[in-house]
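Peer 1: Chain residues, written in single-letter form:
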Amino acid sequence: MKRKALLIDTTLCVGCEACVWACKEGHGLSDDSPGKRNDNTYTTVKEYNDIYVRELCLNCEDPTCAAVCPVGAFTKQEAGAVLWDEKKCLGCRYCIQACPFHIPTYEWSSLNPKVVKCDFCHDLTSKGESTRCASSCPTGATLFGDRDAILAEARRRLKLKKGAVHEFPVHTLDSGDTIKHEALGYYPHIFGETEVGGTDVFFISDRDIRELGYFNNLPDYALRHRIEPAMGVIPDVIVTAGIFFYGMNWIINRRIENGVEPKTKIFGKKGEDK
Amino acid sequence: MSLAKELYLEAKEIVFDHFRTPTFWKVIFWAILAIGSFSIVYRFAFGLGASTNLSDEFPWGLWIGFDVMTGVGLAAGGFTISGLTYIFNIKKFRPIVKPAILTAMLGYILVVVGLLVDLGRPWYIWHMIIYWNIHSPLFEVGTCVLLYNIVLILEFSPVVFKKLRWSKAFHAVKKITMPLVILGVILSTLHQSSLGSLFLPVFTQMHPFWYSPLLPVLFYLSAVMTAFAMVTVESNIAARALRKQVEIGVLAVIARILVVLMALFGVIRLIDLYHQGILPQIFQANEASLYFWIEYSFMIIIPLILLTSEKRRWNNTILFYAAASTVIGFTIHRLNVAVTARTLINGDLYSPSFMELMTSVFIVAVGMAAYGFISKYFDLHDESGFTTELEEINVPKGGNSPQIQMAKK
Ligand code: SF4
Ligand code: SF4
Ligand code: SF4
Chain A
39 MKRKALLIDT TLCVGCEACV WACKEGHGLS DDSPGKRNDN TYTTVKEYND
89 IYVRELCLNC EDPTCAAVCP VGAFTKQEAG AVLWDEKKCL GCRYCIQACP
139 FHIPTYEWSS LNPKVVKCDF CHDLTSKGES TRCASSCPTG ATLFGDRDAI
189 LAEARRRLKL KKGAVHEFPV HTLDSGDTIK HEALGYYPHI FGETEVGGTD
239 VFFISDRDIR ELGYFNNLPD YALRHRIEPA MGVIPDVIVT AGIFFYGMNW
289 IINRRIENGV EPKTKIFGKK GEDK
Chain B
527 MSLAKELYLE AKEIVFDHFR TPTFWKVIFW AILAIGSFSI VYRFAFGLGA
577 STNLSDEFPW GLWIGFDVMT GVGLAAGGFT ISGLTYIFNI KKFRPIVKPA
627 ILTAMLGYIL VVVGLLVDLG RPWYIWHMII YWNIHSPLFE VGTCVLLYNI
677 VLILEFSPVV FKKLRWSKAF HAVKKITMPL VILGVILSTL HQSSLGSLFL
727 PVFTQMHPFW YSPLLPVLFY LSAVMTAFAM VTVESNIAAR ALRKQVEIGV
777 LAVIARILVV LMALFGVIRL IDLYHQGILP QIFQANEASL YFWIEYSFMI
827 IIPLILLTSE KRRWNNTILF YAAASTVIGF TIHRLNVAVT ARTLINGDLY
877 SPSFMELMTS VFIVAVGMAA YGFISKYFDL HDESGFTTEL EEINVPKGGN
927 SPQIQMAKK
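Taken in sequence, the protein lines are chains A and B. Following the working numbering from start to finish, the first sequence increments by one per residue and tops out at 312. Following the working numbering from start to finish, the second sequence increments by one per residue and tops out at 935.
These aren't lab readings, by the way, just hints derived from the structure by calculation. Some hints here could point you the wrong way.
[Stated by the list, open to error] Covered by chain B, per the in silico footprint, the following chain A stretches (three or more residues, Cβ under 8 Å):
#, stretch
1, 120-131
2, 146-158
3, 212-218
4, 256-265
5, 274-281
6, 285-295
[Unchecked claim] One side of the interface only, derived from the structure: several residues of chain B facing chain A at Cβ under 10 Å:
#, residue
7, G575
8, M704
9, V728
In this text, a Cβ means the ideal position worked out from N, Cα and C, and glycines have one as well.
My request is simple: use the sequences and hints to build the entire structure.
Peer 2: Below, the structure is given as structure tokens:
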């Protein structure tokens, strides 16, 4: 199975929220009014001045949520989904604290709360089928396909001449359906290609989407590399500290036995020590 | 009279004594206990959403920031004092080692209690034991806290065995004192620093004053530093409760260590800001620098000024206020890292709900009450080992462990 991905092209998005409702329906979520992601809404469409940007789990290639979860409740699937395992989670909410895109949400009102987020429609994508949001998107603003092919499509679009009319595939790359649309011109950056080690959801836009405030200033490497230097020295600390303290204790006790008092006098007034 | 009955009567006497003379503080204590237990019951009956101000923007609040992150730091006295006393064999600290271990033990037990209240599914806490993600700092913290709890209980157990006159158990534990203490120091080093590592991946969501790649080092240093301040504060409170003199000779030594550590931490904190290129920003007038200076003054500047003169270090009142200031500053520091740093960046507001607050106050009050009871019921200050008759029967001749040698003296 090839890795799948989504391409979100804000220049094509009309803010109709078809993706939001298809996602809700497909996952059996209640149809209360969205607007904010919560335990009933995996995805929303946010308006920034004159463009619409979708919010959903980016299903990172090297996910932060999976790196920080103490019980390893998140796993990256072959088709792309980052899935949460209800059987493992103990509810520490570190994943919610650490996700660089503020994605996972919590069932705060529940007595047995779940961590909730977009599951990349794993039931479909694991069979190679398109996600619900891509299938339902009428303009091709959310497009599904193999990850490398989707990246190639994104690169093709960045080069499109501004103002000319071009063909854009709809739903999936190989669906055969296309719409004709005037290219608005693109800012030359594919968000998600390198950010935090790469994601399986890409954004392209007519402006630098990183400046919208929603996406922080993110490095090109997976965030777990920030933890690794600290975690990596743990075995060294155990061995070094063990030898050091045993050694110190041995030396000091030998000195006491031999009648050479350790110079505890450095602590306290002269003649204070017993 | 049987031993069991004797022990029971003694415990009863201490508890009855508590009720005999109701004072203002005792009434407050019972009020805290009542409201606190109500809050905890409410949290389990109606969920986190109903009882706290936590949200998807603010998944960690007071319970993590105070009960866990500050609590673990304040309980660091257990490993620092026991390390100095046993590993480095500094006899001077003998009188305070048992109280320090007791504080640490109670502190860590209460950290686990606080964590159980905070976790969404506390009944799965044992999942940490069977599902390992060894790359997660939280897994590291969880495992170490669990193991260190066992170590602390063992380190404290001789006091209990002595009371129960279980001489075999007493000597068995005494024999492994040194490995236990060293294990305790290693486990503490690991999780005190890993508490800081928790925030390493979260750097995009933290104000730079409180994020640093050095967070594990800073957390470890500040915990060790505050441990000495805590010992000073707690010796004073205990001395007052037990109507004893404070060990001013020991505390003056501790104050000197505290001065060195505060200077060290204070400088490293500034160097760290300098290397991140934001040192000048602390002199700009804004919300963030205000929080920084409150924290830095309480934690470093005030106690450092108070403690630099030898004369003032031998004045118990000054010692107490300086140490208390460090403890307060440390608490502010931890809360700044856990809560304020996120507030300042994301603009999401969080302030704890009344129930969150009362739960934390409840946990502190329970800890203090437990300390009060245990320090009256058990003998924390007698380091001489077992009662003489038993000792003669049980201490092996020629045992070369320093503890047993000491016990024989
Ligand atoms: S976007 Fe957040 S929740 Fe989704 S995979 Fe990445 S780190 Fe995990
Ligand atoms: S809340 Fe659950 S899934 Fe998230 S990090 Fe904690 S244990 Fe893992
Ligand atoms: S991929 Fe599936 S779960 Fe995720 S937002 Fe789209 S429809 Fe919803």
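Peer 1: Could you run down the list of hints and mark each one as holding or not?
Peer 2: Hint check:
no., hint, verdict
1, 120-131, "holds (count 6)"
2, 146-158, "holds (count 6)"
3, 212-218, "violated (count 0)"
4, 256-265, "holds (count 5)"
5, 274-281, "holds (count 4)"
6, 285-295, "holds (count 5)"
7, G575, "holds, 3 Å"
8, M704, "holds, 6 Å"
9, V728, "holds, 5 Å"
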